[in-house]
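Participant: Each chain, written out:
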Amino acid sequence: MINVRKLVKRFGLKTVLRGMDFSVEPGEFVALLGPNGAGKTTFLRILASLSRPSLGQVTIAGYSLPSQAAAVRRRLGVVSHLPLLYGDLTAEENLRFYARMYDVPQAHKRIPEVLEMVGLANRRHDLVRTFSRGMQQRLAIGRAVLHDPEVMLFDEPHTGLDQDACQMLDTVLREVAARGRTVVMTSHDLARVADLASRFDVLSRGVIVASVERTQMEPDNLLAFYRQALAQG
Amino acid sequence: MTLLPQAEDQARRKSSTQGVGRFIRSLTAIIWKDLAAELRSRELLSAMLVFALLVILIFNFAMELDARARSTVTAGVLWVTFAFAGTIGLNRSMAMEKDRGCLDGLLLAPVDRSAIYFAKAIGNLIFMLIVEAIILPTYSVLYSVNLFKPGLLLVILLGSIGYVAVGTLLSSMAVQTRTRDILLPILLFPLIIPVMIAAVKASTGYLQGVDFIDIRPWLNLLAVYDVIFIAVAFMVFDYVVEE
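Chain order of the listed sequences is A and B.
Residues 10 to 242 in my numbering are what the first sequence spells out, letter by letter.
Residues 284 to 526 in my numbering are what the second sequence spells out, letter by letter.
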């Protein structure tokens, strides 16, 4: 579903991604782990077609970036630590706006379904700026799945959430993944991604230094794997 | 054998019609969103209006003008007011997109990115025209000048289009930086000098009752400037907003 070959991204003289290779099969849930400055967000922004690769090949669902960016964007849902929602519009108005942008068929049926899924049906007429951070993040997930994308990208979605909000977000994330979508998620919270992802990749200094399937790893061993990967990388 | 090219032609036309339809749908969606959000918050319009009213009030108290002097400085005062108030509007309009990462939300949508530019530009133009529609009668009352002349209104429209065409493009560049509030006027004012000169000259011409033949070069300049900068923005917007 996602294929990345020899990806290089430079900002001026600074090279953030150094010939990175990465691939994800359809239906996989990959957690991309790594320290601050490893290039996780930069990599996700390239996959989301918000940033151009300096060198290398990126294909998503058979379409290459950046030349077929519009076709890729149609198949992508993106959630970052910012909600990408308008505070002065209600939850329903935000979803209606994005439904028009994505040309969602039967939007009048799809919007209530999505609001129900993220548990905000009873707050649909409230302005987003009155929502807590956790509620905004749930609505952000609703916005991202509105057009039923094949691939979901999550960039540290738990940032700034309290424990209850994190648990609620995990429930929504599991539901999103359970529908057979391909998911790539960056995170610092190893304990949380350990239960969610089916594969763990460690990104360090602009390359993937280690990768392991959840089934190939002892339970509760993710921290040791992560430390070892960073030490070797 | 002859049907195949026809079928291809039909498919191409259908795809092109769908593309135009999608472009217009996304364009109207963004304009609707901007107007709905502004109707709720009234942040942008109130800031522009208060600023514009203060500027013309200050000019009113600062300059003791007789009837002849009024006809020469009116155009300058008006365009200075519109330009400064417009900068506030342009900054606020793009800052709203940046606040919660909404600009990324727009850029992630599978639409032609020039639709985003045109929608933001039309939204900015609507806000600017609303402010101008309030400022003109206020100015007329304060300075006892009749500003409701069709020619002058045409100049204001053409000047505002040129201002907004460049301003929207530059504000989408400036919004990516930390010093966006300072950067926008620094980038914008040198580029809108041709618009300002042409708009002030043409406006003064209409206010002083100069023959149309003498005003026409300035109107032509405004129209050409509008066309050129809209075309430039259409071509470069994608590169401006992408990292």
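Keep in mind that the hints are not guaranteed to be accurate.
Listed next, the in silico EDC-like pairs over lysine to aspartate or glutamate satisfying Cα-Cα at most 16 Å (straight line) [unchecked claim]:
| # | chain 1 | residue 1 | chain 2 | residue 2 |
| --- | --- | --- | --- | --- |
| 1 | A | Lys15 | A | Asp30 |
| 2 | A | Lys23 | B | Asp382 |
| 3 | B | Lys381 | A | Asp97 |
Simulated coverage check for chain B against chain A, where a stretch passes if three residues somewhere in it have a Cβ under 8 Å from a Cβ of chain A [claimed, not checked]:
| # | stretch |
| --- | --- |
| 4 | 320-332 |
| 5 | 387-397 |
Label pairs and their calculated CB-CB ranges [what the hints assert, rightly or not]:
| # | chain 1 | residue 1 | chain 2 | residue 2 | range |
| --- | --- | --- | --- | --- | --- |
| 6 | A | Leu64 | B | Val519 | 18 to 24 Å |
| 7 | A | Pro114 | B | Pro433 | 23 to 29 Å |
| 8 | A | Asp171 | B | Leu322 | 31 to 37 Å |
| 9 | A | Arg183 | B | Thr462 | 41 to 47 Å |
| 10 | B | Arg461 | A | Gln176 | 52 to 58 Å |
| 11 | A | Asn131 | B | Ala319 | 39 to 45 Å |
| 12 | A | Gln77 | B | Leu322 | 33 to 39 Å |
| 13 | A | Glu159 | B | Ile476 | 54 to 60 Å |
| 14 | B | Ala330 | A | Asn131 | 30 to 36 Å |
| 15 | A | Gln176 | B | Thr462 | 39 to 45 Å |
Note that these hints are calculated values from the structure, not bench results.
Virtual Cβ for every residue (Gly too), placed ideally from N, Cα, C.
Participant: A separate judgement is required for each hint: does it hold in the structure or not?
Facilitator: These are the hints, each one checked on the structure:
no.: 1; hint: A:Lys15 to A:Asp30; verdict: holds (6 Å)
no.: 2; hint: A:Lys23 to B:Asp382; verdict: violated (27 Å)
no.: 3; hint: B:Lys381 to A:Asp97; verdict: holds (14 Å)
no.: 4; hint: 320-332; verdict: holds (count 4)
no.: 5; hint: 387-397; verdict: holds (count 9)
no.: 6; hint: A:Leu64 to B:Val519: 18 to 24 Å; verdict: holds (23 Å)
no.: 7; hint: A:Pro114 to B:Pro433: 23 to 29 Å; verdict: violated (46 Å)
no.: 8; hint: A:Asp171 to B:Leu322: 31 to 37 Å; verdict: holds (33 Å)
no.: 9; hint: A:Arg183 to B:Thr462: 41 to 47 Å; verdict: holds (43 Å)
no.: 10; hint: B:Arg461 to A:Gln176: 52 to 58 Å; verdict: violated (35 Å)
no.: 11; hint: A:Asn131 to B:Ala319: 39 to 45 Å; verdict: violated (22 Å)
no.: 12; hint: A:Gln77 to B:Leu322: 33 to 39 Å; verdict: holds (38 Å)
no.: 13; hint: A:Glu159 to B:Ile476: 54 to 60 Å; verdict: violated (50 Å)
no.: 14; hint: B:Ala330 to A:Asn131: 30 to 36 Å; verdict: holds (34 Å)
no.: 15; hint: A:Gln176 to B:Thr462: 39 to 45 Å; verdict: holds (40 Å)
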